[in-house]
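Starting from the known structure of chain L, arrange chain A on it as the hints suggest.
Number of protein chains: 2
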Amino acid sequence: MNIILLDPKQAIDAQRYQLDLRQAEHLNKVIKAEPGDKLRVGIINGLMGEAKYLGENGEGKAEIEVIHLTQQAPKPLPLTLVLALPRPNMLKRTLLNISAMGVKRIILLNSAKVEKSYWQSPVLKADNLQRILLEGLEQARDTYLPELQMMTRFRPYVEDLLPREMVGKLALLAHPYQADDCPINLTQESILAIGPEGGWNEFEVSKWHEAGFKSVHLGERILKVETAVPVLLSRLYPA
Amino acid sequence: MNIILLDPKQAIDAQRYQLDLRQAEHLNKVIKAEPGDKLRVGIINGLMGEAKYLGENGEGKAEIEVIHLTQQAPKPLPLTLVLALPRPNMLKRTLLNISAMGVKRIILLNSAKVEKSYWQSPVLKADNLQRILLEGLEQARDTYLPELQMMTRFRPYVEDLLPREMVGKLALLAHPYQADDCPINLTQESILAIGPEGGWNEFEVSKWHEAGFKSVHLGERILKVETAVPVLLSRLYPA
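Line order of the protein sequences matches chains L and A.
If you count by the numbering used here, then the first sequence holds residues 1310 to 1548, one letter each, in order.
If you count by the numbering used here, then the second sequence holds residues 1310 to 1548, one letter each, in order.
Don't read these hints as lab results, they were simulated from the structure.
Treat the hints with care, as some may be off.
Identical chains blur together in the list; that is why a pair holds if it fits in one copy or across any two.
As the list claims (entries may be wrong) - 27 Å max Cα-Cα, derived DSS-like pairs, lysine-lysine:
1) K1401 - K1533
2) K1425 - K1533
3) K1425 - K1341
4) K1413 - K1533
5) K1533 - K1347
6) K1338 - K1401
The following block holds chain L by itself, in its conformation from the complex:
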């Protein structure tokens, strides 16, 4: 937790905020903060700045007082990520990374090689997703929560919703066959689709191509999704 992210609901008055349990524990156990210590804070979907730790109030709740909020969050990555739903433990790490790297629009999509049970995972509950995405922001010192959508049907998404999503974006499909080298250092906005373990099937690849996606590959090596994502994002937008 490299920044404490505050929900406006945590405000007590114009300056003071009450920390939630996770934040209070972090201050107690990891940072071992003392009243008066300065802390980096940010408002979710807002500015970042500094606060003073006030310690626990009469009811045993930790409070902080904002000193200033004058800093902009880092620039978002101009990329929409469409990700075939990975297995739950990989999903968690991958979403945290995606959020930390500054992706602000994420679509979790079904694919023939996604096991049905993955859609039942508790990781996909709204509260859990929100917490994972927040943890990514806390890691990276960002405040803007990514939007996340779940699309449990491949074809209606690709045929009906994707065309609008693609407008103005370079559309890339991570798929190693008959593919170009992945471009480096894009200046334009993009949408990137990353398949499941085992890849997209033939039908799916044909649908992506029909929609206007161009296959790109990463080289000879086969990487896990959780590694391929940072590798691809870093290649597309290294700056």
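Just chain A now, kept in the frame of chain L:
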């Protein structure tokens, strides 16, 4: 496991190899291979090719027969990675990624912010390290095992051993303060030093600089080591 890597010790004769337990289980449970099926194989530190699954022999041991071994392993990444020892569960994932990405020389180094207990982790036992590095190769379809050294003392390493290690290499220190942008798309060999959670301390940074390392940063976002490593490698050698 995208390739079965064979140790010469597993050879029964010129063509036949006996699989180890982990490989046999993978064929049985994940691939559900039948005798006669073709499999991708490689010799550790050697060529890659194809084999035929022979099923279990009279003693219940799975065997394969090599059909050809004519393919070169993918090119190594021309980078030596010096990594402050991460916490054990992060070490495991990070080493697997490093191995999958093609790094062939890894030095695990002590640093002021590395907890002493990390050096006692069972992950650091030779057998476990070897298995993790092999898993990275099996993921990426590579055969060449990285060399890994452990340096439990920072100063003697940086003062005495590093100068020889650096010869002919661009020397980069991942350190966000007073740093240049991380270069993109290097053509030369490099050595990259990545610090612990919380970063190198001031003394350490001064020793790296004395040795001739140049600080580079990745942008405003703070990433976990397991994310920063693929991001950095992908930026230095995107091709």
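We went through each hint and held it up to the structure:
1. Taking identical chains as interchangeable, the C-alpha atoms of K1401 and K1533 lie at most 27 Å apart whether they share a chain (14 Å) or sit on different chains (14 Å).
2. Within a single copy, K1425 and K1533 get their C-alpha atoms as close as 20 Å, which meets the 27 Å cut-off; across copies the closest is 31 Å, which misses it.
3. Taking the closest pair of Cα atoms, K1425 and K1341 come within 27 Å of each other only across two copies (20 Å); inside a single copy the shortest separation is 43 Å, beyond that limit.
4. In this assembly of identical chains, K1413 and K1533 lie within 27 Å of each other by CA distance both inside one copy and across copies; the values are 22 Å within and 19 Å between.
5. Taking identical chains as interchangeable, the C-alpha atoms of K1533 and K1347 lie at most 27 Å apart only when they sit on different chains, with a minimum of 23 Å there against 39 Å within one chain.
6. Within a single copy, K1338 and K1401 get their C-alpha atoms as close as 24 Å, and across copies as close as 25 Å, so both meet the 27 Å cut-off.
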